[in-house]
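Keeping their order, the protein sequence lines are chains A and B. Start counting the first sequence at -7; every next residue gets the next number (the numbering used here). Start counting the second sequence at -7; every next residue gets the next number (the numbering used here).
Hints were generated in silico from the structure; no laboratory data involved. Since the structure is predicted, the reported quantities are computational estimates derived from the model, not experimental observations. Be aware that one or more of the hints could be misleading.
Identical chains blur together in the list; that is why a pair holds if it fits in one copy or across any two.
Said to hold, decoys possible - Taking lysine-lysine pairs in the DSS-like style, the calculated list, with each CA pair at most 30 Å apart, reads:
1. K163 - K42
2. K139 - K163
3. K138 - K152
4. K152 - K97
5. K97 - K3
6. K163 - K3
7. K116 - K138
8. K116 - K145
There are 2 protein chains.
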Amino acid sequence: MERQVDQQLEKLKTRILKMCSLVDEQVDLSIRSIDEENPALAEIVLEKEKKVDKYDLKIDKICQKIFALNQPVAMDLRLIMSALTINTNLERMGDIAVNIIENAKLIGKKPEWINKTHFAKMAKIAREMIRNSIDSFIQDDAMLAKKVIETDKVLDNLNKENHDMLIEIMKQNSDDIQAAVALLVISRQLERLGDHATNISEDVYFIVEARMVKHKYEKYLFSDDDNDDDE
Amino acid sequence: MERQVDQQLEKLKTRILKMCSLVDEQVDLSIRSIDEENPALAEIVLEKEKKVDKYDLKIDKICQKIFALNQPVAMDLRLIMSALTINTNLERMGDIAVNIIENAKLIGKKPEWINKTHFAKMAKIAREMIRNSIDSFIQDDAMLAKKVIETDKVLDNLNKENHDMLIEIMKQNSDDIQAAVALLVISRQLERLGDHATNISEDVYFIVEARMVKHKYEKYLFSDDDNDDDE
């Protein structure tokens, strides 16, 4: 027999999946705005941002409802706590997409040297990480979560290389400073998207692994070593 | 008679207060590292970061325990959900302090023009916002929470002014680019500290105001408008 709480957890997962699609579209559009001078893109991203914020409230509310009406324990409890973390991270990713599009406006005419930088590659990796982090949650897939966590290093390195490249460009020609600074900010934002996907995946990895070693987990959950805080 | 859950909520508040002190000290030290060339500062910040991470796990665990053993509802439930949000935000602030100290290392010899920028002022405001956001949570002080939310604009403006100033400095002298980029990153990190304090305060404001209009809140909590997600 299906428990009532299972229906609600399914509803929760569906909402998270929809919110993830919205955020992924936002990131896609915001990155496209570096290449295309199209003011409509910014409008669409802001429109989607409003929807993302609505999902944030909805997911928060579904979690509160499950807590209040079902009083979940053990793994259900951990899953809802993770949904709250995922929600916070997705909402921040939406903010980052808005930030990217605002900085893209400051670039002005697209500089030729942009093709030497790693923006297209970083955007592709960041979007994959976002989708995989949510898929790992939906499908309880610890290996996929681990893959996301490992990919974060790649994104960090591309950001560092972008950083050094952009500083060199600024030194060579002061006319490029404004655009290079905007791109430096965007590069860091792409790296932060990866950080948020990693936060989600670390949580998923923990839940799924915990389910496999359930007794060990319950021992962890109810042990008293949260008293040693005066060190 | 004091409820068992009240004791646990007090314990939760004490942990959050201690975690906040640690993060505040981290931010103080990381900002001091801009002025003083003292490698020991970085070590102390990293040492505190380990403690902050431990608090993060402890607070998460106390919340899980309260959920599992007391099955809280209504306002207690909202308070624990806020504690989880506060925990996430404090942990990120610790990461930001580490990031500031890493960028401070890239500045090299402290440039003269740094006194024209707003770093000291921004650091002072950001630290006040952090402490006030946590105080507003501990003391259920909606007015203090509102003050934090309003102060965020001030920090945003100082960051924008720093940004423009630093770009001008880079244009004038390419030797200053490396230091100016590091400071530009630090300026954004200070602004993000304010964003995290604002996230906490928005949550506190919502809880305290909700307590005042409890019935309205419960109507909100249990209403069914989380079904309209297909728009």
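Hint check:
With identical chains, the CA atoms of K163 and K42 are never at most 30 Å apart, being 40 Å at best within one copy and 38 Å at best between copies. In this assembly of identical chains, the alpha carbons of K139 and K163 never lie at most 30 Å apart, being 37 Å within a copy and 42 Å across copies at closest. In this assembly of identical chains, K138 and K152 lie within 30 Å of each other by CA distance solely inside one copy; the values are 23 Å within and 38 Å between copies. For a Cα distance limit of 30 Å, the shortest separation of K152 from K97 qualifies both inside one copy, at 23 Å, and across copies, at 15 Å.
Taking identical chains as interchangeable, the C-alpha atoms of K97 and K3 are never at most 30 Å apart, the minima being 38 Å within one chain and 48 Å between chains. When the C-alpha separation of K163 and K3 is checked against a cutoff of 30 Å, the pair qualifies neither within a copy, at 53 Å, nor between copies, at 54 Å. In the homo-oligomer, the alpha carbons of K116 and K138 lie at most 30 Å apart inside one protomer (18 Å), although the nearest pairing across protomers, at 39 Å, exceeds that limit. Taking the shortest alpha-carbon separations for K116 and K145, only the intra-copy value of 15 Å comes in at or below 30 Å, while the best inter-copy value is 33 Å.
The structure shown violates the earlier hints numbered 1, 2, 5 and 6.
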